[in-house]
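Student: Counting from 1, one number per residue, gives the positions in the sequence shown under this note's numbering.
Heads up, a few of these hints could be off.
Straight-line C-alpha distance at most 20 Å; calculated SDA-like pairs for lysine to any residue [stated by the list, open to error]:
hint, residue 1, residue 2
1, Lys182, Ala203
2, Lys184, Ala174
3, Lys126, Pro109
4, Lys178, Ala229
5, Lys136, Arg93
6, Lys126, Gly155
Quick list of the computed label-pair ranges, beta carbon to beta carbon [to be verified]:
hint, residue 1, residue 2, range
7, Ala179, Leu127, 49 to 55 Å
8, Gly155, Glu120, 22 to 28 Å
9, Glu135, Ser91, 49 to 55 Å
10, Asp137, Asn27, 31 to 37 Å
11, Gln25, Ser91, 35 to 41 Å
It should be emphasised that the hints constitute simulated quantities derived from the structure, not laboratory data.
Glycine included, C-beta positions come from ideal geometry on N, C-alpha and C.
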Amino acid sequence: MLDWKSLPAFLAVARSGSLRAGAEQVNGTHATVRRQIEGLEAQLGTTLFRRNAGGLTLTAAGRRLLPQAIEAEAALLKGFSAVKGLDREASGRIRLSADPMTAHYLLAPVLADFAALYPEIEIELKLSYFLDSIEKDETDVSIRHVLSVDENAVGRKLFPLSLGVFASRSYIDAKLPKAGTKGKGLNWIGYGDVPEMQTMIAATPFSQARVRHIVGDPQMHLHLARAGAGMTFLAHWASTVFPELQRVPGTQLDQRRATWILLHGGLRRVQRARLLVDYLSAALLERRAAFIGQ
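Build out the structure end to end from the sequences listed, making use of the hints.
Tutor: Set out below in structure tokens:
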């Protein structure tokens with residue numbers, strides 16, 4: 001079997017033209033490099049270098065071996081690069097950020113199953129409707145439902161996130177038949193002076209409905225809608241978790257946003273981070289139809 005440890009010595013001498021300079025390239029000694037070259041020649045049964053006044057030059061056999069040795073070197077470097085940074089064990093802490101709605105109603109059982117499968121991995125979960133920055137090292141992994149991703153991070157775009165106008169079935173049955181032109185007589189659950197939300201309301205068939213409730217917490221929007229307080233914008237998946245919710249007839253789903261899982265670039269080869277991202281991706285993809293809607 002070929003002694004692969006001698007290939008760096010062969011390449012160093014071929015590139016530098018001398019044993020001494022080759023030894024400096026591989027951080028070895030003159031004698032060690034000479035022994036490796038002589039050992040390689042013995043293995044191959046041929047002379048690889050010819051000594052002359054200018055140093056060492058390759059023989060015909062050496063010139064034939066050179067491109068193969070360079071190719072082998074490149075393959076080894078690629079392999080080292082692929083595994084560099086991998087954890088030896090599936091252990092350690094990983095920071096995950098997500099919005100509270102997704103976390104409370106979708107992620108809790110997923111993370112519990114993941115914890116049972118990988119007992120040595122610790123998850124630090126941060127819930128916020130504000131986006132933690134991956135570039136600023138505020139989080140390691142982030143689940144986001146956004147129009148676009150601007151950060152320099154490793155991302156997986158899973159599927160569109162459908163937003164729709166939802167209300168309780170009882171509210172729709174009782175109020176919609178009596179509604180006037182452009183929704184007069186109906187109630188919105190709003191966020192206050194939020195231009196994007198006002199634009200979304202204006203684009204619905206209920207642009208003249210009253211914004212009766214001002215609530216800053218999206219989760220409270222969900223509960224108020226379930227209780228029959230009015231209409232609001234919710235992710236389509238909410239109606240699969242809470243069947244008392246129904247998309248208001250005559251409205252369309254907004255699919256401009258998408259669900260992403262983002263990972264800090266420095267952790268893409270860290271085993272615990274890859275395991276979590278893969279597990280979350282698989283769990284969310286199982287619910288793809290709920291996110292997209294019809």
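Student: Could you run down the list of hints and mark each one as holding or not?
Tutor: Each hint, compared with the structure:
no.	hint	in the structure
1	Lys182 to Ala203	holds, 11 Å
2	Lys184 to Ala174	holds, 14 Å
3	Lys126 to Pro109	holds, 16 Å
4	Lys178 to Ala229	holds, 16 Å
5	Lys136 to Arg93	holds, 18 Å
6	Lys126 to Gly155	holds, 19 Å
7	Ala179 to Leu127: 49 to 55 Å	violated, 36 Å
8	Gly155 to Glu120: 22 to 28 Å	holds, 27 Å
9	Glu135 to Ser91: 49 to 55 Å	violated, 26 Å
10	Asp137 to Asn27: 31 to 37 Å	holds, 34 Å
11	Gln25 to Ser91: 35 to 41 Å	holds, 38 Å
Going through the hint list in order, the structure does not satisfy hints 7, 9.
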